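Chains A and B, in that order, are what the protein sequence lines are. Position 80 of the first sequence, counting from 1, maps to 80 under my numbering, and the rest follow consecutively. Position 156 of the second sequence, counting from 1, maps to 156 under my numbering, and the rest follow consecutively.
These are calculated hints, taken from the structure and not from any lab test. Fair warning: there could be bad hints in the mix.
One copy or any two copies: either way a pair holds, since identical chains are not told apart in the list.
Below, simulated EDC-like cross-link-like pairs (lysine to aspartate or glutamate); rule was C-alpha separation at most 20 Å, straight line [claimed, not checked]:
{"#": "1", "residue 1": "K302", "residue 2": "E276"}
{"#": "2", "residue 1": "K71", "residue 2": "D288"}
{"#": "3", "residue 1": "K196", "residue 2": "E276"}
{"#": "4", "residue 1": "K71", "residue 2": "E102"}
{"#": "5", "residue 1": "K30", "residue 2": "D17"}
Bear in mind the structure is a predicted one, so any value in this text is a computation, not a measurement.
Each chain is listed here by its residues.
Number of protein chains: 2
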Amino acid sequence: MADVTFPHANLWQFAFDVFQKINCPEEEAKLAANVLLSADLRGIDSHGLARLSGYVRLWEAKRINSQPKTKIVHARASTAVLDGDSGLGLVVAPKAMEIAIEKANNVGTGWVAVKNSNHFGIAAYHAMMALPHDMIGIAMTNASPLVAPTFSVERLLGTNPICVAIPAHQQPPFVADFATTTAANGKLEILQRKNKDAPLGWIQKKDGSPSTNPNELKDGGALIPLGSDREHGSHKGFSLGAWVDIFSAVLSGANYGPWVPPFVSFLSPPSDPVGEGIGHFFGAMRVDAFRPTDEFKMHMDKWITRFREAKTIEGQPRVIIPGDPERESEAIRLIEGIPLNNKVVEDLSDLAKKLDVKFFG
Amino acid sequence: MADVTFPHANLWQFAFDVFQKINCPEEEAKLAANVLLSADLRGIDSHGLARLSGYVRLWEAKRINSQPKTKIVHARASTAVLDGDSGLGLVVAPKAMEIAIEKANNVGTGWVAVKNSNHFGIAAYHAMMALPHDMIGIAMTNASPLVAPTFSVERLLGTNPICVAIPAHQQPPFVADFATTTAANGKLEILQRKNKDAPLGWIQKKDGSPSTNPNELKDGGALIPLGSDREHGSHKGFSLGAWVDIFSAVLSGANYGPWVPPFVSFLSPPSDPVGEGIGHFFGAMRVDAFRPTDEFKMHMDKWITRFREAKTIEGQPRVIIPGDPERESEAIRLIEGIPLNNKVVEDLSDLAKKLDVKFFG
Chain A
1 MADVTFPHAN LWQFAFDVFQ KINCPEEEAK LAANVLLSAD LRGIDSHGLA
51 RLSGYVRLWE AKRINSQPKT KIVHARASTA VLDGDSGLGL VVAPKAMEIA
101 IEKANNVGTG WVAVKNSNHF GIAAYHAMMA LPHDMIGIAM TNASPLVAPT
151 FSVERLLGTN PICVAIPAHQ QPPFVADFAT TTAANGKLEI LQRKNKDAPL
201 GWIQKKDGSP STNPNELKDG GALIPLGSDR EHGSHKGFSL GAWVDIFSAV
251 LSGANYGPWV PPFVSFLSPP SDPVGEGIGH FFGAMRVDAF RPTDEFKMHM
301 DKWITRFREA KTIEGQPRVI IPGDPERESE AIRLIEGIPL NNKVVEDLSD
351 LAKKLDVKFF G
Chain B
1 MADVTFPHAN LWQFAFDVFQ KINCPEEEAK LAANVLLSAD LRGIDSHGLA
51 RLSGYVRLWE AKRINSQPKT KIVHARASTA VLDGDSGLGL VVAPKAMEIA
101 IEKANNVGTG WVAVKNSNHF GIAAYHAMMA LPHDMIGIAM TNASPLVAPT
151 FSVERLLGTN PICVAIPAHQ QPPFVADFAT TTAANGKLEI LQRKNKDAPL
201 GWIQKKDGSP STNPNELKDG GALIPLGSDR EHGSHKGFSL GAWVDIFSAV
251 LSGANYGPWV PPFVSFLSPP SDPVGEGIGH FFGAMRVDAF RPTDEFKMHM
301 DKWITRFREA KTIEGQPRVI IPGDPERESE AIRLIEGIPL NNKVVEDLSD
351 LAKKLDVKFF G
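In isolation and in its complexed conformation, chain A is listed as follows (with noise of 0.2 Å):
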């Protein structure tokens, strides 16, 4: 069946209403919707409204709080942990961003982790709180083991994205928002639901050997770091992911690795935690920490422009910056609509019903 394409405002009044619903604060329900719908103009599918219902899921499993209320546990001049008090990620995260931002005032740069958190949607959204300040923003977070090492058949880290925004002059910003796998667990449900293959050097079967099967983490599968296998600098993509999970987690208190609680409901947290909730970790530098504001933007937009305008392989129309893409969708999307799969409105519908909002709005 063909996605059906809802109002932007409409969906965000859906996902307020939900967050009021389960007793998030004002305030609070419109940053968790203003966080998730980002997702969805931005083209990110799987970290919008799709997760929604998941969210309240872990409300109802009382694994989310919704009235947090988030302290810092250490601090220096530069550095903060804060404790999400088992709050929305989606709300806990911006609160992390916003006291990076304040150090970085201070000092030039500050750096905050975040134990005792859940999900925080798309890092780009906490990253890009950076760039109205003239700062650069850098977002990253652990998330369930779904990804198995190198040489390895255990799931033991996340996709464990890490987004970097850099603010330019005229060019838009430079915003590079990536899980470090090879492919994030949202392309594969996009396959899942399409009943499609996925590329070999996505995905490995049970006992470590390559599979194109979207549905192999069912059976204790798992995601390839970024790089595919060995000799294609997999280690470099498992390396990336064990510094995210090790800057979210081992330095804030949070659980990590194996130990990170799934998404999804259905599944308990580890009887053996080794720290409080999922982790993340937030950076904002002032760009004039290091040199003039003008001076550096001036530069971002020759880089920008020098990589946007090189020669291309033939058939190829453009080198893509990144966020190029991302941006492209949310322009398109605030008039346009959001296109929704017909299996996430039948979710949203049911959510819907059960909680008695209205989603049509």
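Assemble chain B onto chain A, guided by the hints.
Below, chain B alone, put in the same frame as chain A:
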């Protein structure tokens, strides 16, 4: 011809003598020899003595200043920009890392961007300087353009490595040091010397089509970002390399992208520079700016142990923790000596004659 093995002390002495012969002050010649030999010890043969004559040629071409007066040209409490005064990166980089460590001592983290520098050897040497201080160390650098962005035929980025070094307690530290390409250029050099083909996915021809010829770069070909192709995430490798380029050079005021001066002295730097020399970026984070050091290290031991003991794919002996192979190489080579390829030995003998320095100590 087989490799010849030399005692570490003899090779160190030779490097030290060569650096003194090109007028490096004694302490800086020691430092440069330490950094250079750390590559040979750690098994990163492409970044050790194999590059020594290249540094000398850059000094002869007046592109390396052997008596640099480095200075901090911009700073905040947690940041600095260091002007390397065209010095050897081998000397400038450790100075920058010391500044980062000092700032971290004061405000929790320190971040130093460097301009007007040259090739800095292996990133791991610099990042690992943080470890004895119970800090996490980060080092990255841009480099001569050899890498084509996804969809392009132009060489616009260097292999732009990143290193993250993280202390543990009884376990050795986690040290991930990797080029942001599918394969480092040093890997190609090894294949060239052995007359062997490269795997598909490492290199492209001048027109962007796949190649297995390790000499392809001499015909206008390019290295490929980590991920190998778009379907396997090469846009992520491109994003990583771009991130390193921007932090190292756009933040510091060095040359970026295709304007980075070539390492080889027979190619002239671009005539329209956008900055000064090449750029690096360093970070140091006190672990106890986030949580008590003992607690952090205990959890790092647990992280490392869990991953090291992960169940492997049949036929694979173990999961490799980042830093394991290099540390094992160092332990062996300190005792058994450092094997040098016969072409490298020839090159060093020529250098010894030219500079009237004794080679076989």
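Hint by hint, here is what the structure shows:
1. K302 with E276: Classified as between; 16 Å across copies, 44 Å inside a copy.
2. K71 with D288: between (29 Å within a copy, 18 Å between copies)
3. K196 with E276: neither (37 Å within a copy, 50 Å between copies)
4. K71 with E102: Within one copy only: 15 Å inside a chain, 28 Å across chains, cut-off 20 Å.
5. K30 with D17: Answer is within: at 9 Å inside a copy they meet the 20 Å cutoff, but 66 Å across does not.
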